[in-house]
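Asks: Line order of the protein sequences matches chains A and B.
Here my numbering is used: the first residue of the first sequence is 1, the next is one more, and so on.
Here my numbering is used: the first residue of the second sequence is 1001, the next is one more, and so on.
If you are wondering where the hints come from, they were derived from the structure by calculation, not from laboratory data.
Every value quoted in this text rests on a predicted model; they were computed, and no experiment measured them.
Each residue gets a CB set at the ideal place from its N, CA and C atoms; glycine is no exception.
Check before you lean on any hint, since a few could be wrong.
To be verified - Facing chain A, according to a computed beta carbon distance under 10 Å, are these residues of chain B, among others:
id: 1; residue: 1044
id: 2; residue: 1104
id: 3; residue: 1106
id: 4; residue: 1190
id: 5; residue: 1267
id: 6; residue: 1273
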Amino acid sequence: MEFKELQDFIYQKSGMFFPLSRKNYIEQKVIKRISFLHYSNFQDYMNVLKNELIRTEIINLFNEITVNETFFFRDLPQLEVLEKHVFPESIKSGKKVLNVLSAGCSSGEEAYTIAMILREKFPQMAYNILGMDISDLVVAKAFRAEYTDYAVRFVPKDLLKKYFSPLDNGSFKFHDHYKSNVKFQKLNLMELDNAPFSANFDLIFCRYVLIYFDRDSKQKVISSFYGKMANNSYLILGNSESLFSISNDFKMLHFPSAIIYNRK
Amino acid sequence: MEKARDVVAKIGELPPIPAVILESMKLLNDPSTTVKKIQEQILLDQGLTAFILKVANSALYGLRKEVSTVSYAINLMGYNTARSILTAYLSKNLYSARGNKLIQTMLWKHSISTACFARKIAEHLKKANSEEAFISSLLHDIGKGVLLKNKTDEFEKIIELIYNDNMNSIEAERSILGFTHVEIGFLLMTNWRFSESIVETVIYHHNVQEYNGESLLVPIASLANKLSHMNDYTFDKRVDELLETQMLHLSNDDLDDITKKAVQEIETYLEIF
């Protein structure tokens, strides 16, 4: 398999750059697609992708390679900073509605987690949460809002009881009632500039998404974020990601357990 | 460096070198040691054992069969590389001792990437020992590990200052602490009785133009440090002028070649640890 060809193709179409060290990972995913489609070799498959012989195949490939295992209440220390600093500051500054973006939302765990925190701890604050992801498969999953017991393992007992109903197959469904202000949309982060949003965001989560991007693409995404953010808003990255050598537009705020970025 | 001694009082106790590492290093420095003896020593530390096996089973060696014993792993990599791996383990542990996960990760990424760049530069030059280059570059910022461990809050403020006020690490450390990771690194390396050439690398990695000695390891580490920053394994202000390329007679093509090879190795290391 010609890895470079695939690497370039994925990069051009999505901005995600997979270094040579991720070769095995990508190859496994591609082999899965090839055998699913009953092709006999890589070149045939590449031909399908490049010439869009099956128009949806590129989406299927992206779905395959961006599958991320995520869960509710991931990175509690970061969520604590939301509770103790970000939300109180937003209230203090007179914001009545909080617009939140979960960028690279996967199957919606992060978006619903934020909804629960806001409802429980800041009932006076209205909110709109938008989750977006390049993969239509996970976006559909987020709409459906059914989760394994593994995904909800860190949800506090009382919240699990209040916000979810157990299903016969052992999974948990997030109540429709609490989904009203949480929306999902399929969107490529590289095309964020052209996306119409009704308001600027007060808070953007983009955790463990940019790890797939190279520096140029990271810079592009972060500058799109900047353009779509309200005054005195916040950006939260994964706890191993930083804006060093990506952007100087933000102010870094460090708390004992997490680092977040503030847009003045 | 006289002042460095006054710094001891301010920084508090320096971390000791773990006994298993010290003993294993001694054994590895003696070519007549048997692999079995080294293995016995290494097996005393579970983390170290796992670390060595992970490296031996990584893409760096590309073996089809699984390496399941430390002795086989050491035979495979050789004593020199085994020393490098031990040093990598040592620094990773120091960097992970305390503080914010992000800062720990950034320190480790910067160290291991600088070490890989140094190894590739040395291999390219053919005049320098590539494992010594790896080890000395791996340790060039070790003082930052001590700062993070002993002065966690201050070090996190330093990182904030570098990003928010566009300072370099030396300026930020001076303004918050009054001393820098260079002095601490010097103290630690002397305290751990590491070789003169490693101590020199630590002292001169920010001011290679003041170095008058013969060792190639100093300009190699200094260049590797900058290449690491330029390739985003960084949390410091970027330095773009590469004085060392003249000292080491390296062309831009050479640098491209070195970078390509190093990045591959770095990504593999980052994947296993």
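Asks: Can the hint on residue 1044/B be confirmed by a CB-to-CB distance to chain A that is less than 10 Å?
Replies: violated, 30 Å
Asks: Would you check whether residue 1273/B satisfies its interface hint, that is, whether its CB is within less than 10 Å of any CB in chain A?
Replies: violated, 12 Å
Asks: Less than 10 Å between beta-carbons is the criterion; does residue 1190/B satisfy it with respect to chain A?
Replies: violated, 31 Å
Asks: Go through the hint on residue 1267/B and say holds or violated, using the shortest Cβ distance to chain A against 10 Å.
Replies: holds, 3 Å
Asks: Hold the hint about residue 1106/B up to the distance rule: shortest CB distance to chain A must be less than 10 Å.
Replies: At 7 Å from the nearest chain A Cβ, residue 1106/B passes the 10 Å test, so the hint holds.
Asks: Hold the hint about residue 1104/B up to the distance rule: shortest CB distance to chain A must be less than 10 Å.
Replies: Interface hint status for residue 1104/B: holds (9 Å vs cutoff 10 Å).
Hint check: violations occur at hints 1, 4 and 6; the rest are consistent with the structure.
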